[in-house]
Every structure is written in structure tokens, then in C-alpha cells.
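Make the full structure from the sequences, and use the hints.
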Amino acid sequence: MANSFSTIRIRSHAGVLTITLNRPSALNAFNADMGVELGAAFRMAQRDDKTRAVVLTGTGRAFCAGQDLRELPAAAADGAQPEMKDLGDHLRENINPLVLRMRTIEKPVVAAINGVTAGAGVSFALAADLRICSADATFKMAFAHIGLVPDAAATLTLVRTVGHAHATELCMLDEEISAERALQIGLVNRVVDDAALPGAGQALAEQLAALPQQAIGLTKRALNHAWMATLDDQLEYEAMLQSTAGRGADHKQRVRAFLDKRAPGSTAD
Amino acid sequence: MARDILTEVDGQVGVAHISRPAALNALNQGTMDELVAALQHFDNDPRIRCMLLTGDERAFATGADAADQVDASSVEMQQRDPFARWDEIDQLRKPVVAAVNGYALGSGCELVLACDIVVAGETARFGHPEINLGIIPGAGATQRLTRLIGRARAMDLILTGRKILAREALDMGIVSRVVPRENVAEEARKICHDLCQQAPLAVRLAKVAVRKSQDMSLSAGLALERSLCYSLFATDDQKEGMRASMENRPPVFAGR
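Line order of the protein sequences matches chains D and R. Just so you know, we're using our numbering here: the first sequence kicks off at 10 and counts up by one. Just so you know, we're using our numbering here: the second sequence kicks off at 5 and counts up by one.
Take these hints with a grain of salt, some might be off.
[Said to hold, decoys possible] Here are the computed lysine-lysine pairs in the DSS-like style, where the Cα-Cα straight-line distance is at most 27 Å:
id, chain 1, residue 1, chain 2, residue 2
1, R, K194, R, K211
2, D, K59, D, K261
3, R, K194, D, K261
4, D, K94, R, K167
5, D, K229, R, K167
6, R, K243, R, K211
7, D, K94, D, K59
What the hints contain is simulated information worked out from the structure, not anything from laboratory work.
Next up, the structure:
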């Protein structure tokens, strides 16, 4: 697959599009170019029928160290005009659309966390559907220490993923935690040996890619909806999505295949 | 001849489907003429009890083609009076259910406002971008939207031209229900079929009473409601409806 990107690399294999952050000398810090390129890569993943799952990972010893601080207005030399004027606008224009894209693409996204993860790097990892990390990966919210608020939906996704108490500790105390601790609190789904991470990420994504695509996409939508739903709401929402899934060819084919495997002459429940 | 409006009859439901995919269902004069004709035809057909209005996945309806109007003079617009067509939608006597996916913008949004029950997909978008074209809404939004959602929200939408998603439209009171986009057509059809089971005269007068309430004083509206309600006691369907309730069975309405 042609690669015309400079801050990321993309690779397509076995139905999986792997997006690799590629600014290793900056610990894959997020900058303006990366924002544009990630947006394009996710749009590509959405539109390409051959892509059934996405892996997001990093080059070098970091997954992503978060926003490149050199782009912040606070970093501008005295008298210099920073490109970025307001952090809120920066979120609205460059970061939030990316988070929305990761949550609304109806294909599973796996974050294969290969090392140091901080700030918006944690947020992006949380915006993925599943997280698998290397044993030497570390996590730090990093916002509080530079006088900022966790963003890119971390205040929501972190609470939903690890619970209010752990989220508060991570955001307010802003201490670095290990892969082992991350696994304990549920921040990541799995931990593997460093060398095994790329293969494990691809394998997990291929496993997801092999599942009925519409069902997985609708499941993602239902899980998104659950964040803010009441029980009544969610029951009705599931019913509507199930109406659609029940008409899918995958469903019919798989149910028949399952029933056909039963011994002839046996009665269905 | 290519038609912008595809029609079908589904039981007692008259379906009108706006289909100009290359133009994102822009409502130019020809399209509206066709649409009004189709809906009036259903309104006058005794076999039809309810109407369903829908668009495509990407767009329900967007405003008039700018190309259609860019060089028009004020006199031409007065003479053409394109926006008067929306009043004719308003005057339909049978209920109109809108099934909205994609964009409902400008006079397309005003078309939604002219419908009675609106089912929107989660990713549907509503808005009034007329301000960005140097004009104001002309098919009723400044009047209908304001009455529907109140001044504060109407000012926000009409002055800023921002687009809103279905959930916000639901909160504001612009749409009646929000469902996943794949369920819009089915949900709208279900509502239509349910409406077809109701007493047609009662449905018609309910629509009149509710719409008139935004057009008259409370005391006059109450008097109207009462007189319409009492008038239904002359119908067989009222007797049947109340008897069925007393006998604990579903009513069978004959339409008289």
C-alpha cells in the first residue's frame, strides 16, 4: 500500500489496517501533521471494504507521549506568534474529530501499546476498542503536571474503563503506572512480552476481522450507547440493532452452520 | 422522464420518496411541484389514510439549488413565490410521517417542520444555513421553528446556521423519535400502519386541532378543540371505539 504519510506509516494485511505512529525521535508525540494523517488513515479504514479491523501502534520505545508540547502557545518564544492560539479550539478542530472517528468507525480498533504512553497517548489508547500492551509499557496521564485537564475524552473513557476511583487517582496524582498495574485496574485487556507485541496485536485484530462484520459494528454502536443510557433505553436500542442484525446474511449462515453441526435426528431446543 | 419523487402505495399508506441523489435532494421548484402533487394526490385518495415522506440515506432534503436562485430578482421571487409550496404541505389533511436520514437543511428542514411525526436516524443532521447565503429562511422556519422550540433555540440555529445532530433535535423538540439509521424506514412505516388503524376522522381532526393551537389564542383553541371533539360523537367510529373499550376488545374503525 502506497505510503505518502510522514508522521505515520500504514500497512494492510489479512483484513487489518495497521496505523503506526512514526515520530520516534519525539516519542511519537502528536502534532498537527499527525492529526491530519491519522484522520486520513481512519477515513481510509472506514471506506475500504477489505479493512475489517484496525491496529494503532507506535514506532520505537513509545506508543505516544501525547501532544507535542512545542506546538502549544505556551511554548512560543516571547514575541513569537504561535500557530495554535487556543487549546479549546485545538481540541475541537484537531483532536476531538479523531476521537469521534475512532469511536464511530464500525470496525474494531486495537491499540497495540508498545511502550511509553502519556497524555493524549493514553486518551487515544482509551478511544480504541481493545488495548494490548508490552510488559515494559508505562502509562501516565501527564496533564495535571503541566497545568492542564485530561482531554481527548479521557475524563469519560478512563472513568468508564477503570472506574471513578482509579481514574481520579491517575488524573489527579498523575503518577506513572506499569503494564502490570494497568492490567490490574483494567486499563489494558492484555499484557504480552515486548517482542511478542506486534504479532499479538495483529493476531487479535485478525481474530476480530474474522467475526461477522455487521454484528461487530453494531455491537460497537450498542456499547457506545451504553455509556449514557438508562436500562429502558438500552433495551430498546438493542432491540432495534438486533432487528438489523437478525436480517444479516452472516447471522443466517452462521445459525444454519451451527444447527447443521448437531447430530441428525436431534431436536432443537 | 426522470422524476424527483418516487411514489408507492403500501396498504393504506402513501409513500413519497425524494430522490435526487446527485443534488443531495435539493428542493428546486420542479421537485417541490412534483412532491406537492404527489402528496395532494394521496390526500384526496380515499384509500389512503396516512402519508410517509422520506429521502435517501445521505440526505432527506437540502435547500433549493443556489444555482436556481442566484440571479433571481426580488420581483421574480415575488412572482415565482417558490416557498408558498410549503404551505400546501401544511394544509394536507391526512397525517404525514417523515423518515429522516442524512441531511435536512434549509427548506429541507422546513419540510420536516411541515410534517406531523418525525422519525430521525441518529446520524441525521438538521440546520438552517440560509444565513450563510445572505438570506433568511423563506419556507416557514422563522415562524414554525420558533413556535416549536422557542426563541432562544430558534435564534441560535437561524442566526448561526449551525447543524445539529438528531439527538439535539430531539431534545429541542424538532423531531419526535431518534433511532439507529437502519431502523428509520421500518419505524416510520410502523407508525404509519398504526395510524391507519385509528379512526380516520378522529385522526384528521386531531391534526387540525394540534396545528391550529399554534395559530390561535388559548380560549379560541379550547373552543375549537371542544367543538371538534363533540362533532366526532356523530360518527360511527366514536360509538365503535367506546363500545370496543367497554367490551375489552380491539376496535374496528370504518372511517365514518
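Here is what the structure says about each hint:
1. About 19 Å separates the Cα atoms of R/K194 and R/K211, which keeps this hinted pair within 27 Å; it holds.
2. Restraint check: the Cα-Cα separation between D/K59 and D/K261 comes to about 22 Å, which is no more than 27 Å; the hinted pair holds.
3. The straight-line distance between the Cα atoms of R/K194 and D/K261 is roughly 24 Å, inside the 27 Å bound, and the hint therefore holds.
4. Note on D/K94 and R/K167: the hinted pairing holds, with a Cα-Cα distance of about 25 Å set against a maximum of 27 Å.
5. A threshold of 27 Å between alpha carbons decides the hint, and for D/K229 with R/K167 the separation of about 25 Å falls inside it, so the pair holds.
6. Between R/K243 and R/K211, the direct Cα distance comes to roughly 21 Å. Compliance with the 27 Å bound is thereby established for this hinted pair.
7. In summary, the hint linking D/K94 to D/K59 is not supported, as the alpha carbons are separated by about 40 Å, beyond the 27 Å threshold.
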